[in-house]
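Based on the provided sequences and hints, a complete structural model is requested.
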Amino acid sequence: MRTLVRSVQHAVPLSAVTAGLIAVLVGVTSSAAIVFTAAEAAGASPGQIASWMLALGVGMAVTCVGLSLRYRAPVVTAWSTPGAALLAVGLDGVSMSQAVGAFLFSAALITLSGVTGWFERVMDRIPVPLAAGLLAGVLLQFGIGLFTSMEGDFAVVFAMFVAYLLCRRWLPRYAVLLSLLTGGVVAAAQGSLRLGSVDLALASPEFVAPEFSWQVLVSVGLPLFVVTMASQNLPGVAVLRGDGYRVPISPVIGWTGATNLVLAPFGCYGMNLAAITAAICTGPQAHPDRERRYLAGVWAGVFYLCVGLFGATVASLLATLPSTLVLAIAGLGLLGTIGGSLASAVSDEGSREAAVVTFLATASGFTLFGVGSAFWGLLAGVLTLLVTRSYRAGAENS
Numbered sequence: 068m069r070t071l072v073r074s075v076q077h078a079v080p081l082s083a084v085t086a087g088l089i090a091v092l093v094g095v096t097s098s099a100a101i102v103f104t105a106a107e108a109a110g111a112s113p114g115q116i117a118s119w120m121l122a123l124g125v126g127m128a129v130t131c132v133g134l135s136l137r138y139r140a141p142v143v144t145a146w147s148t149p150g151a152a153l154l155a156v157g158l159d160g161v162s163m164s165q166a167v168g169a170f171l172f173s174a175a176l177i178t179l180s181g182v183t184g185w186f187e188r189v190m191d192r193i194p195v196p197l198a199a200g201l202l203a204g205v206l207l208q209f210g211i212g213l214f215t216s217m218e219g220d221f222a223v224v225f226a227m228f229v230a231y232l233l234c235r236r237w238l239p240r241y242a243v244l245l246s247l248l249t250g251g252v253v254a255a256a257q258g259s260l261r262l263g264s265v266d267l268a269l270a271s272p273e274f275v276a277p278e279f280s281w282q283v284l285v286s287v288g289l290p291l292f293v294v295t296m297a298s299q300n301l302p303g304v305a306v307l308r309g310d311g312y313r314v315p316i317s318p319v320i321g322w323t324g325a326t327n328l329v330l331a332p333f334g335c336y337g338m339n340l341a342a343i344t345a346a347i348c349t350g351p352q353a354h355p356d357r358e359r360r361y362l363a364g365v366w367a368g369v370f371y372l373c374v375g376l377f378g379a380t381v382a383s384l385l386a387t388l389p390s391t392l393v394l395a396i397a398g399l400g401l402l403g404t405i406g407g408s409l410a411s412a413v414s415d416e417g418s419r420e421a422a423v424v425t426f427l428a429t430a431s432g433f434t435l436f437g438v439g440s441a442f443w444g445l446l447a448g449v450l451t452l453l454v455t456r457s458y459r460a461g462a463e464n465s
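Our numbering applies: residue 68 is where the sequence shown begins, and numbers increase by one.
If you're looking for bench data, these hints aren't it; they were derived computationally from the structure. Some hints here could point you the wrong way.
[As the list claims (entries may be wrong)] Listed next, with one range per pair, are the computed distances between beta-carbon atoms:
#	residue 1	residue 2	range
1	Ser286	Phe225	18 to 24 Å
2	Glu278	Leu233	54 to 60 Å
3	Pro315	Arg456	26 to 32 Å
4	Arg456	Tyr241	42 to 48 Å
Think of the CB as a built atom: it goes at the ideal place given N, C-alpha and C, for glycine as much as any other residue.
Below you can see the structure in the form of structure tokens.
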């Protein structure tokens, strides 16, 4: 019996399952509403909206599970949140068939990026401190959100924070899980958690034949590709490399694009490497043994599949969870990753200033031409590094 229990614990470590669950919880609650808005902008019916969630859930399940097992690393994928925001505006007046055509066009470009390997070649040239500063800037809002959320619901968030600290002292492997349970208990006692109002219903796929309009391809498909690569895949690679996972990026990008191609007619609009949710699965809170953290990516895929299958119930579920609880658990789950990223960013004196510029510009949330701060922060950091290195070289030679 003890052998069986140990075997189950080895295959299904609670910390990895918890990390996968929290990653999905944070990912869905933070952006599912934007996905619904984007689908409605294209005139999607309730059945088609559910099909979007099903296609996205299946796509993320296949890529999370398949890629994590293949590379023995916590490869977590996600839908493009900036892409959904772009679609919520860009799909107004566009038919569903034209929208699907734009999804296919964007997915084909992402697949091509993986096949040609150009994206990985660019990433290989980025110094580690700059990538760490990028990651810290992306995650900073969630660390701050842990404390700003106390203003909205002090009892829930403070109870979670205290539970986390106590568990970090005596039960470090279960600190995030037990703080989540503590928050749920306090929220239920307050009456702000109403799980009884959730209606369970399975989603079914609805195929939409694509229609290719060059205007829609240029105005929607191309920006969707740019936003997905610059604002999502770029920090996603930084997360993996920041925690020491040298996963071959080109095949990973290629598989996300190819999966998107297959599922686009059912509503899969944009798949990419996750950044924020991936950081929950790549850090020590997912598993003390970094070689076993790939299981967190696998379990994230399992939970994403559940989200997809019950896509029609996601909206009602979101309404039951206090936003402060989600913000708090995200902040607690990312504390270790934020600390490690900051330490790595400033470890090299020669690139410290450039890393700080990358961190600050990324954390600012600055957006230009529809491209998020992750891209511009990295660009600012690279420019700073090039200029300061040239200055130092000139000063030394003079």
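Now for the hints, and whether the structure bears them out:
no.	hint	result
1	Ser286 - Phe225: 18 to 24 Å	violated (47 Å)
2	Glu278 - Leu233: 54 to 60 Å	holds (57 Å)
3	Pro315 - Arg456: 26 to 32 Å	holds (29 Å)
4	Arg456 - Tyr241: 42 to 48 Å	holds (45 Å)
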